[in-house]
Each structure stands twice: as C-alpha cells, then as structure tokens.
Amino acid sequence: MSGLEWVGVTLLIAGCFFYLAGTIGLLRFGDVHSRLHALTKADNLGLMLVCAALAVLSADWRIAALLVLVWLLGLLAATVSAHLIARHARRDGD
Amino acid sequence: MSQILGLAVLFLLLNLVAGLWRVARGPTGADRMLAALLFGSTTVAVLLIMAEWMAIPALRSVALLFVMLASIVTIAFFGLPVGDDER
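Residue numbers (our numbering), protein chains in the order written: chain A, 1 to 94; chain B, 95 to 181.
I should point out that these hints are in silico values taken from the structure, not numbers from a laboratory. All C-beta atoms in this analysis are idealised placements derived from N, C-alpha and C, irrespective of residue type, glycine included. Watch out, some of these pointers could steer you wrong.
Said to hold, decoys possible - Quick list of the computed label-pair ranges, beta carbon to beta carbon:
| no. | chain 1 | residue 1 | chain 2 | residue 2 | range |
| --- | --- | --- | --- | --- | --- |
| 1 | B | Ala118 | A | Leu4 | 38 to 44 Å |
| 2 | B | Arg119 | A | Ala59 | 40 to 46 Å |
| 3 | B | Val156 | A | Glu5 | 42 to 48 Å |
| 4 | A | Arg62 | B | Val176 | 46 to 52 Å |
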C-alpha cells in the first residue's frame, strides 16, 4: 500500500472506533441525556473521520467536496435531532 | 484495500444490529429515537464506504439524500417546538 492509502486506512479505523464508542454509549449509559451526549458527538466525529478517509482514498476533489457537504449536513441533522429529543425527554420529566 | 473497506462496512452494520437492542429495550420514546439517530449517521457512513468499495458513485448521492432526510424523522416524530416552554 502507498503512503496515502495508509493515511486513509488509519482515518477509516479511527472513524470506526468512534462509531463503536457511540454505540457502546447508547447501550451502556444510564439515562436519555447521557446517551444523547455520547451518541451525537461520537457518531459525528466518526462520520468526519470516515469522510476524510474516503476523500483521501478517492483522491478526487469533487468527491472530497461532496463528502464535506455530507458531513456538514450530518452535523446539522444531528444537532436538530439531538435538540428535539432532549427537549422532549425533559418535558417528559425523565 | 477492498477487504479493509468490506470489513469497515461489516463493522458498522454490526453497530446497527447492536443499536437494535436499544430500540427493543426502550424504555422511553426518546431512547428509540436515539437509535434512529444512530441508524441515520451509520447508514450514511456505510453507503459512502460502499460507494468507494464497489465503485458505484451513485451511492454517494444516496448517502447525500439520506443525510438530508435524517432530521426529518425526528421532526416528524416530536414536532417542532412551539413558543415558550422554558420549564
């Protein structure tokens, strides 16, 4: 493998690790707010690392731009969802 | 290289299966929506990796569509907040 591929694979493995961290947080943490905290941050970091890995591996500016767009939209979606879920959970008194 | 991408897809799909446990367990609706949030972000990553792995560029557009619709599910389930509910 070339040097660039090593960088890509390293980023991909790091991304998978953060996804794993998010899933473990979702399964193990005690209440809704902790789970929300673990899941949204870890998963979006994982998505960023996976997008960076794929941008490096594809070595194409247009694909890299699309991946950046996907990541930014992912951040927006996670923010909106996390806010609504937290608000709903608090209103339910959990 | 292609084996590594395949393993990454498999690993992320196993994450999804683990997330199903939270859907089954609950206990509140918010917990189940959290699992939906996990499914949203993980599916996007899986689709992006598969686009690179199988050399199907169209899957990137599918991933873009998924990520654009990801927050719609939560908004549809809980509704947008109305007015002053600072309590």
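Results for each hint:
Between B:Ala118 and A:Leu4 the CB atoms are about 42 Å apart, so this pair conforms to the stated range of 38 to 44 Å. The hinted range of 40 to 46 Å is satisfied by B:Arg119 and A:Ala59, whose Cβ atoms lie roughly 43 Å apart. Separation of B:Val156 from A:Glu5 is about 25 Å and departs from the stated range, judged on CB atoms against 42 to 48 Å. Roughly 41 Å separates the CB atoms of A:Arg62 and B:Val176, a value that falls outside the hinted 46 to 52 Å.
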